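There are 4 protein chains.
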Amino acid sequence: MCRWLAYSGTPLLLDTILYKPAHSLIDQSLHSRLGVETTNGDGFGIGWYTQEDEVETPAIVRDVGPAWNNRNLREIAEHVRSPLLFAHIRASTGTAVQQTNCHPFRHGRWMWMHNGSIAGFHGMRRELALAVDPTLFLDLEGTTDSEMMFFLALTFGMDEDPPAAVARMAGLVERTGRAHGIDAPLQMTVATTDGKAVWAFRYASAGTARSLFFSTKVEALQKLHPDVPLLQELSDDTRLIVSEPLGDLTGAWNEVPEHSWGMVREGAHELHAFTPV
Amino acid sequence: MCRWLAYSGTPLLLDTILYKPAHSLIDQSLHSRLGVETTNGDGFGIGWYTQEDEVETPAIVRDVGPAWNNRNLREIAEHVRSPLLFAHIRASTGTAVQQTNCHPFRHGRWMWMHNGSIAGFHGMRRELALAVDPTLFLDLEGTTDSEMMFFLALTFGMDEDPPAAVARMAGLVERTGRAHGIDAPLQMTVATTDGKAVWAFRYASAGTARSLFFSTKVEALQKLHPDVPLLQELSDDTRLIVSEPLGDLTGAWNEVPEHSWGMVREGAHELHAFTPV
Amino acid sequence: MCRWLAYSGTPLLLDTILYKPAHSLIDQSLHSRLGVETTNGDGFGIGWYTQEDEVETPAIVRDVGPAWNNRNLREIAEHVRSPLLFAHIRASTGTAVQQTNCHPFRHGRWMWMHNGSIAGFHGMRRELALAVDPTLFLDLEGTTDSEMMFFLALTFGMDEDPPAAVARMAGLVERTGRAHGIDAPLQMTVATTDGKAVWAFRYASAGTARSLFFSTKVEALQKLHPDVPLLQELSDDTRLIVSEPLGDLTGAWNEVPEHSWGMVREGAHELHAFTPV
Amino acid sequence: MCRWLAYSGTPLLLDTILYKPAHSLIDQSLHSRLGVETTNGDGFGIGWYTQEDEVETPAIVRDVGPAWNNRNLREIAEHVRSPLLFAHIRASTGTAVQQTNCHPFRHGRWMWMHNGSIAGFHGMRRELALAVDPTLFLDLEGTTDSEMMFFLALTFGMDEDPPAAVARMAGLVERTGRAHGIDAPLQMTVATTDGKAVWAFRYASAGTARSLFFSTKVEALQKLHPDVPLLQELSDDTRLIVSEPLGDLTGAWNEVPEHSWGMVREGAHELHAFTPV
Numbered sequence: 001m002c003r004w005l006a007y008s009g010t011p012l013l014l015d016t017i018l019y020k021p022a023h024s025l026i027d028q029s030l031h032s033r034l035g036v037e038t039t040n041g042d043g044f045g046i047g048w049y050t051q052e053d054e055v056e057t058p059a060i061v062r063d064v065g066p067a068w069n070n071r072n073l074r075e076i077a078e079h080v081r082s083p084l085l086f087a088h089i090r091a092s093t094g095t096a097v098q099q100t101n102c103h104p105f106r107h108g109r110w111m112w113m114h115n116g117s118i119a120g121f122h123g124m125r126r127e128l129a130l131a132v133d134p135t136l137f138l139d140l141e142g143t144t145d146s147e148m149m150f151f152l153a154l155t156f157g158m159d160e161d162p163p164a165a166v167a168r169m170a171g172l173v174e175r176t177g178r179a180h181g182i183d184a185p186l187q188m189t190v191a192t193t194d195g196k197a198v199w200a201f202r203y204a205s206a207g208t209a210r211s212l213f214f215s216t217k218v219e220a221l222q223k224l225h226p227d228v229p230l231l232q233e234l235s236d237d238t239r240l241i242v243s244e245p246l247g248d249l250t251g252a253w254n255e256v257p258e259h260s261w262g263m264v265r266e267g268a269h270e271l272h273a274f275t276p277v
Numbered sequence: 001m002c003r004w005l006a007y008s009g010t011p012l013l014l015d016t017i018l019y020k021p022a023h024s025l026i027d028q029s030l031h032s033r034l035g036v037e038t039t040n041g042d043g044f045g046i047g048w049y050t051q052e053d054e055v056e057t058p059a060i061v062r063d064v065g066p067a068w069n070n071r072n073l074r075e076i077a078e079h080v081r082s083p084l085l086f087a088h089i090r091a092s093t094g095t096a097v098q099q100t101n102c103h104p105f106r107h108g109r110w111m112w113m114h115n116g117s118i119a120g121f122h123g124m125r126r127e128l129a130l131a132v133d134p135t136l137f138l139d140l141e142g143t144t145d146s147e148m149m150f151f152l153a154l155t156f157g158m159d160e161d162p163p164a165a166v167a168r169m170a171g172l173v174e175r176t177g178r179a180h181g182i183d184a185p186l187q188m189t190v191a192t193t194d195g196k197a198v199w200a201f202r203y204a205s206a207g208t209a210r211s212l213f214f215s216t217k218v219e220a221l222q223k224l225h226p227d228v229p230l231l232q233e234l235s236d237d238t239r240l241i242v243s244e245p246l247g248d249l250t251g252a253w254n255e256v257p258e259h260s261w262g263m264v265r266e267g268a269h270e271l272h273a274f275t276p277v
Numbered sequence: 001m002c003r004w005l006a007y008s009g010t011p012l013l014l015d016t017i018l019y020k021p022a023h024s025l026i027d028q029s030l031h032s033r034l035g036v037e038t039t040n041g042d043g044f045g046i047g048w049y050t051q052e053d054e055v056e057t058p059a060i061v062r063d064v065g066p067a068w069n070n071r072n073l074r075e076i077a078e079h080v081r082s083p084l085l086f087a088h089i090r091a092s093t094g095t096a097v098q099q100t101n102c103h104p105f106r107h108g109r110w111m112w113m114h115n116g117s118i119a120g121f122h123g124m125r126r127e128l129a130l131a132v133d134p135t136l137f138l139d140l141e142g143t144t145d146s147e148m149m150f151f152l153a154l155t156f157g158m159d160e161d162p163p164a165a166v167a168r169m170a171g172l173v174e175r176t177g178r179a180h181g182i183d184a185p186l187q188m189t190v191a192t193t194d195g196k197a198v199w200a201f202r203y204a205s206a207g208t209a210r211s212l213f214f215s216t217k218v219e220a221l222q223k224l225h226p227d228v229p230l231l232q233e234l235s236d237d238t239r240l241i242v243s244e245p246l247g248d249l250t251g252a253w254n255e256v257p258e259h260s261w262g263m264v265r266e267g268a269h270e271l272h273a274f275t276p277v
Numbered sequence: 001m002c003r004w005l006a007y008s009g010t011p012l013l014l015d016t017i018l019y020k021p022a023h024s025l026i027d028q029s030l031h032s033r034l035g036v037e038t039t040n041g042d043g044f045g046i047g048w049y050t051q052e053d054e055v056e057t058p059a060i061v062r063d064v065g066p067a068w069n070n071r072n073l074r075e076i077a078e079h080v081r082s083p084l085l086f087a088h089i090r091a092s093t094g095t096a097v098q099q100t101n102c103h104p105f106r107h108g109r110w111m112w113m114h115n116g117s118i119a120g121f122h123g124m125r126r127e128l129a130l131a132v133d134p135t136l137f138l139d140l141e142g143t144t145d146s147e148m149m150f151f152l153a154l155t156f157g158m159d160e161d162p163p164a165a166v167a168r169m170a171g172l173v174e175r176t177g178r179a180h181g182i183d184a185p186l187q188m189t190v191a192t193t194d195g196k197a198v199w200a201f202r203y204a205s206a207g208t209a210r211s212l213f214f215s216t217k218v219e220a221l222q223k224l225h226p227d228v229p230l231l232q233e234l235s236d237d238t239r240l241i242v243s244e245p246l247g248d249l250t251g252a253w254n255e256v257p258e259h260s261w262g263m264v265r266e267g268a269h270e271l272h273a274f275t276p277v
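As they're listed, the protein sequences go chains A, B, C and D.
Under this note's numbering, think of the first position of the first sequence as 1, with each following residue one higher.
Under this note's numbering, think of the first position of the second sequence as 1, with each following residue one higher.
Under this note's numbering, think of the first position of the third sequence as 1, with each following residue one higher.
Under this note's numbering, think of the first position of the fourth sequence as 1, with each following residue one higher.
What the hints contain is simulated information worked out from the structure, not anything from laboratory work.
Computed from a predicted model, the values in this text were never measured in an experiment.
Note that beta-carbon positions come from the ideal geometry of N, C-alpha and C, so glycine has one too.
Hints are not guaranteed to be accurate.
What the hints assert, rightly or not - Derived list of chain D stretches under chain C, where covered just means 3 residues or more per stretch with a C-beta under 8 angstroms from a C-beta of chain C: (1) 183-191; (2) 199-210.
Said to hold, decoys possible - As a list, the in silico DSS-like pairs of lysine-lysine whose alpha-carbon atoms are at most 30 angstroms apart: (3) A:LYS20 <-> D:LYS20; (4) B:LYS196 <-> B:LYS20; (5) C:LYS217 <-> C:LYS196; (6) B:LYS223 <-> B:LYS20; (7) D:LYS217 <-> A:LYS196; (8) C:LYS20 <-> B:LYS20; (9) D:LYS217 <-> D:LYS20; (10) D:LYS20 <-> D:LYS196; (11) B:LYS20 <-> B:LYS217; (12) B:LYS223 <-> B:LYS196; (13) C:LYS20 <-> B:LYS196.
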């Protein structure tokens, strides 16, 4: 399993989001509290959008070692500012530990990261790969279920309607899995973005889905904690979506309901039920 | 492009084969003379069979950095002895520099390594992948044309008749390539082994194939060079097949004819014409 | 902190020692039970002596990633046999995660590995470095306290009397530390070998030393567990010394007393009190 | 030997400086024209100052593989903008290929990178290390002559007068080398910066120093090449100092005279003779 974090809002040094919180994602790479594994040391990745007008695609930096001892990650975090950051730490469930299997994945303006798994993926990899648009297929670089889910969602219309595309992907995975005799094929918490909005999904075919939390509206937090300077600098639209809370600030974290998806962007946020189709 | 070496015969410390020759494979990683690129620094790999009775599969050690500065490679070479070694240095033609794209590839008792390329591979990757046996497909780990060629040959009967399986693979690649409008789809020098015999292939759909050489029969070399101690220790069946000669020893190296395949094993060697089918 | 294992006795495939035990060292890299940290993911190393007559120095293979996901380590373990193996997994206490900081360290025929630390090492690094024999100094490659301890012991006569050399090293470290105002400068469990005998040390300037265990004499274990086939194959001299037991076999493990050192080699074993001088 | 590049002036995406020139530093990593080796594949590093007010130290990103196939380097280059960039590609002359041996080196606000070598450095490493200020000594992380030269210059007063500090370092190296019987101890082209000014040095104890070039004043280049859009965007103070020219633009490159040092910063530039003291 893995852990991830999506940040959207007031441009911050990545450091502020990645390293400074008490139970930061970097700390979770060694000491996850809510994950299936306490250690997430099989690679990591970050992706961020710059504020440079001429650059539309996000930067993706990924490496195969643990996040907790990576000096380059810390250097970048201490020197780069962004309004939209994805970060992911990986605990491999068997697929190779290599850069092309590290999240986030990117396609054009889109990024995607995932915690969870497709049960029995190895056995249905070929069948799912065949469902990927043949042109997109050529850009598949790794061997994870997570990247396959991304490319299926891209096939099913991410550009037009991300929640619908993810629902169709989830539906296909469940039908394929059940045809292979698997009762509960899908466990997923996914975040995806086009650089403007962030969509997050929490779903499991059966049982409890992996943990997922979103941060309270900044305005409310500012009232609760007038003494926390960082909070006072954040815009109202600033949001964090995380696999597990980054600290113990009272009132800061809300569980994403199971079987639901949410969207945050400047001036808007939504929360809906999620059903594979 | 890449460079490779296959050794079969008297068990030697790998060092003797890999590092000691004047123009060793490790030297070729920095200064190839006959390759398309002079530098082969995008990963390397070695595979060897032990003389342990209970171990049937070869050991495969691969890494993503250059061979020339890899300390672990040198340590292994100086301490491990084998009667059958494959070694490969990679110059990527665009696919990711990752362990699963490094040669040699292994499946069960089989190893495979390659220098060359399928022209337009990116565009026909999906089509070729569909031709791989669905069970074998699940074990594809990387994204190179070389691994795909291996899995196609496995699909086409490596266990029964390796030259026939490789001929069918080459035929499929050529037909697929030509259907995509590519005149000369295949450039290949391949070595494969089941731990007993080594088969090598040199072929190009058009023009000159990549360079390939085999060593002269040891008996003849011993007569030519009675003053070279190493030669005196080698069994009559010992052979090297290499992308380029490892030194300038007179009479030691013979070019593999274009469009041909050869086989060497204890007590036997063959050389035949190669035609894709 | 770190974990380590020293094996001496009947030549075995490294796999048997490294991966097969229930709570193997590889398992300890993710789930140490007795260590200060549960995760030891900041690099690893193995060193082994071959049975090749012409090779006197041990092979050292070290890498900066975690042991648990390293494919090359598993390949080597499944294909190499040795009568004397050192293995180490690292949890950095701040020094760089790089190959030259991974254990075991080697000098000529000697290997050395360590779990523990010199308190305040950063501040006394220069002073200790000056005490290293100037000729040896040139071969210092890394920045760890562990390598420095090794080079100090080499300076103080490892070739003649290893326990005396280590006692002098420990004495110097303690005097230097106390001169810097540090009450308890040294925490160490060390293993060292010249390829014939293995010496192990357990010591702390104050408080409890890091855990260290040695395996029961094989003859006794065979009687206790006539149903464990592996035990029946081992010579009487076979011994394991480990940071923590590799499993729950009744009667298999004995704690090394605090402030003591032991030696095992073919036909002999000793256990003595250890006092820095 | 190595190759390096120092950029100072109009803030640019690093990509523009690192990848886009015809004979870019990345191209030089595979195909250096003027270097002692054509391949510089033993690690690389970049260091840049941000335009963030609250961040004073430069970011340093270094890795042990070749620059030419490093995806993270390209990602950073395409998304980060800076007014002051150092970049270095390494060809090891024997010291370990590890992050702490990659340039640029950093201390506080200072960066340092080097092409060249101290002849016989291994034998005088201890002596030079003893001359480093004891407090600074503790921050030495690697084993290169280049980092030692940096720390000696820091010891000799970089903060007050960089050219004088470098002259004292060079003097010490030459005296120490000659005491060891070495006629021509020093070969160096060095760049160093405090984030405001860049100083570059070209010197050899004997014979020709490594190649070094600086770019022509922008105003002159704009007149020569009114058709090159990038040139029109650059401020008058913009300068590149490089081991070898990045392309064939007429009039763009001037050789730094042997035995000299230069300085560039906003509104000023100087060129002087360099003499070790």
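Against the structure, the hints come out as follows:
1. A stretch counts as covered by a chain when three or more of its residues have a beta carbon under 8 angstroms from one of that chain; for the stretch 183-191 of chain D and chain C the count is 0, and the coverage is violated.
2. For the stretch 199-210 of chain D, the assignment as covered by chain C is violated, since 0 residues bring a beta-carbon within under 8 angstroms of that chain's beta-carbons and 3 are needed.
3. For the given pair, LYS20 (chain A) sits about 36 angstroms from LYS20 (chain D) by alpha-carbon distance, which is inconsistent with the 30 angstroms threshold.
4. Among the hinted pairs, LYS196 (chain B) with LYS20 (chain B) is consistent with the structure: their alpha-carbon atoms are about 25 angstroms apart, no more than 30 angstroms.
5. Proximity of LYS217 (chain C) to LYS196 (chain C) is assessed by CA-CA distance (about 18 angstroms); at most 30 angstroms being required, the pair is judged to hold.
6. Of the pairs offered as hints, the one joining LYS223 (chain B) and LYS20 (chain B) holds, with about 22 angstroms between alpha carbons and a cut-off of 30 angstroms not exceeded.
7. For the hint linking LYS217 (chain D) to LYS196 (chain A), the alpha-carbon distance of about 41 angstroms lies beyond 30 angstroms, and the restraint is violated.
8. A C-alpha spacing of about 36 angstroms is found between LYS20 (chain C) and LYS20 (chain B), which places the hinted pair above 30 angstroms, so the restraint is violated.
9. The hinted pair formed by LYS217 (chain D) and LYS20 (chain D) meets the criterion: a straight-line CA distance of about 20 angstroms does not exceed 30 angstroms.
10. Our distance criterion of 30 angstroms between C-alpha atoms is met by LYS20 (chain D) and LYS196 (chain D), whose separation comes to about 25 angstroms.
11. Restraint check: the Cα-Cα separation between LYS20 (chain B) and LYS217 (chain B) comes to about 20 angstroms, which is no more than 30 angstroms; the hinted pair holds.
12. Between LYS223 (chain B) and LYS196 (chain B) the alpha-carbon distance is near 27 angstroms, which keeps this suggested pair within the 30 angstroms criterion.
13. Taking the CA atoms of LYS20 (chain C) and LYS196 (chain B), the gap is about 29 angstroms. The hint holds against a cut of 30 angstroms.
Taken one by one, the earlier hints fail for this structure at numbers 1, 2, 3, 7 and 8, listed in ascending order.
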